[in-house]
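Throw the hints in and build the complete structure from the sequences for me.
Residue numbers (my numbering), protein chains in the order written: chain L, 10 to 255; chain S, 10 to 255.
These are calculated hints, taken from the structure and not from any lab test.
One or more of the hints may lead you astray.
Remember, identical chains collapse to one label, so a pair may be satisfied in a single copy or spanning two.
[As the list claims (entries may be wrong)] Only pairs whose alpha carbons sit at most 20 Å apart, straight line, appear in this in silico SDA-like list of lysine to any residue:
id : residue 1 : residue 2
1  : K237      : D103
2  : K28       : A201
3  : K159      : P75
4  : K150      : Q18
5  : K150      : H238
6  : K150      : V63
7  : K159      : L244
8  : K179      : S36
9  : K237      : E175
10 : K159      : P29
11 : K28       : T245
12 : K150      : I13
13 : K237      : G135
14 : K28       : D205
15 : K150      : G135
16 : K28       : P183
17 : K237      : N146
18 : K150      : T197
There are 2 protein chains.
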Amino acid sequence: MDTIELLNQHRSQRTFSAKPINNELLSQLITTAQHAASSIFLQAYSFISITDPVLRQQIAAVTTMPFVQQNGHLLIVVADQHRNATLAQQQGLDPQLLSAADRFLASVEDATLATQNLVTAAESRGLGTVFLGSALNDAAKVIELLHLPKLTMPLFGLLIGYPDGENELKPRLPEAAVHFTNGYQEPTTYTAALTDYQQTLQQYYQARSHNARHADFDQVIRGALTSKHPRRELLTILHQQGFLNE
Amino acid sequence: MDTIELLNQHRSQRTFSAKPINNELLSQLITTAQHAASSIFLQAYSFISITDPVLRQQIAAVTTMPFVQQNGHLLIVVADQHRNATLAQQQGLDPQLLSAADRFLASVEDATLATQNLVTAAESRGLGTVFLGSALNDAAKVIELLHLPKLTMPLFGLLIGYPDGENELKPRLPEAAVHFTNGYQEPTTYTAALTDYQQTLQQYYQARSHNARHADFDQVIRGALTSKHPRRELLTILHQQGFLNE
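Okay, here's the thing in structure tokens:
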């Protein structure tokens, strides 16, 4: 399949067959992830494969998502300046600058670029994936379970596996809402496009085969603001992990 | 070309021919970017195309990179919860939670996932790209130039264009350094793999056709810690933009 066509067909896959991903394929996916760009080449991320069934259940409990207990390979994606700080200290350098906001942002971006490559590579091999932001519902617990040292931060989980069932494609915001020229555009400048989108998204939510409901983009935002897991502790945890401590 | 092969061939492209990207192709790349996953579907990012030559020179000056003044289409990638906050207010909701660390991280991740899709789509059409972290050398200036409102933050620039010349592929860290099982691994557990990597990277730096020099991964880290642009003001700017203000 053409690469753009493949990317345009992306949807979250939450249910997987029991067929495991073999180690060779997993390794190939990690290699491809690593080929993404990286800020000043610090490659400031790590992937942690969860293969221990007890650990898997503990992380699934953090996510509160029943499907995380089921099939699929579970990765936890980590922003990681700890490796670079350790290597800095080994050559007698003060790693302090790696804890600044700039390097924290870069590590989040490095990790995320690599993960998107991994997702694309997986989908090109017929696998499906779902991001688990819910791995941060109890970030302190994940840090403890995975022995994550200072200057690391878990960002999200990723489940990868052979799809069982298929979801409909979810319509994205109109280009007018996310692509501007020479400066920022306020939503008031593209209200017509947004109104159309509300209708398109409403039709999607009503017609989809799983969890059909009455909703639109307003509802998506309302959901975010009334989340059961607002994760207000994350800034404190970032500080505890040594980040953003200028 | 096979998608994994394409991703594994990625390298930064800093010099472009004068051939412009037509608007239809650019629009196609943005659409594909938008198909990336997004945290709780908030799609919390925006792309800003820089087509005004004066603005382009002002941003090039921030980056201090002469090639930014030359060919290629320039995008600034923005973490954006402002759109969602505005839509929240329109339905009478308090958008405060969108300013928390959790939603800031999600917006950085949304923006970065979308950008990696854009890069992959571009490369599949024979285009090259380079990330410009240097757009944050003076983030306050970029915010002013692009009229970026509260709850937005520029993350990086991206240059896209038809390649003029080609770079060698840069060797990545060994998998042992970035992929662990069931818990974090300290660098002391994979020193042999790191030593090999230092040699591999040294050979790459010595043999490459542009800017060949004596360097290895220790040198990469040393460079990060002695940067001329440590960007220590970024945390303050993030607060000013309304983020991380729990």
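Hints versus structure:
no.	hint	verdict
1	K237 / D103	between (41 Å within a copy, 16 Å between copies)
2	K28 / A201	neither (46 Å within a copy, 34 Å between copies)
3	K159 / P75	neither (30 Å within a copy, 37 Å between copies)
4	K150 / Q18	neither (34 Å within a copy, 38 Å between copies)
5	K150 / H238	within (14 Å within a copy, 35 Å between copies)
6	K150 / V63	within (14 Å within a copy, 50 Å between copies)
7	K159 / L244	both (14 Å within a copy, 19 Å between copies)
8	K179 / S36	between (30 Å within a copy, 19 Å between copies)
9	K237 / E175	neither (27 Å within a copy, 50 Å between copies)
10	K159 / P29	neither (33 Å within a copy, 45 Å between copies)
11	K28 / T245	neither (40 Å within a copy, 49 Å between copies)
12	K150 / I13	neither (38 Å within a copy, 34 Å between copies)
13	K237 / G135	neither (34 Å within a copy, 45 Å between copies)
14	K28 / D205	neither (41 Å within a copy, 35 Å between copies)
15	K150 / G135	neither (33 Å within a copy, 45 Å between copies)
16	K28 / P183	neither (37 Å within a copy, 27 Å between copies)
17	K237 / N146	within (9 Å within a copy, 38 Å between copies)
18	K150 / T197	neither (42 Å within a copy, 25 Å between copies)
The structure is inconsistent with the numbered hints 2, 3, 4, 9, 10, 11, 12, 13, 14, 15, 16 and 18, although it conforms to all the rest.
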